[in-house]
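Visitor: Sequence:
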Amino acid sequence: MNVLRRGPAPPCLGKERLVCRGCPGWEAMRAAVALGGPWEGAMIHCSCTGLVAKGPERTPQP
Numbered sequence: 001m002n003v004l005r006r007g008p009a010p011p012c013l014g015k016e017r018l019v020c021r022g023c024p025g026w027e028a029m030r031a032a033v034a035l036g037g038p039w040e041g042a043m044i045h046c047s048c049t050g051l052v053a054k055g056p057e058r059t060p061q062p
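Quick note on the working numbering: the sequence shown kicks off at 1 and runs consecutively.
Please note that a few of the clues may not be correct.
Claimed, not checked - Ranges between beta-carbon positions, derived for each pair: (1) 24 / 54: 18 to 26 Å; (2) 27 / 58: 19 to 27 Å; (3) 13 / 43: 18 to 26 Å; (4) 12 / 60: 36 to 44 Å; (5) 61 / 15: 45 to 53 Å.
Simulated from the structure, these hints should not be mistaken for laboratory data.
Virtual Cβ for every residue (Gly too), placed ideally from N, Cα, C.
With the sequences and hints as input, model every part of the structure.
Guide: Structure, rendered in structure tokens:
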């Protein structure tokens, strides 16, 4: 996965320990954009931190 825009640490790691949809949802999206996943090569965004990443895309075989 390529990070296109970094974001700050998520709120759950801060002093207030706020809970967001975060990690379980992010892990599911990360798996979905992986090679062979239903969202292969898609761009994903974390609304809590602003992080933007893009999954890898399959390269065509000659």
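Visitor: Determine which of the earlier numbered hints do not hold for this structure and return their numbers in increasing order.
Guide: none
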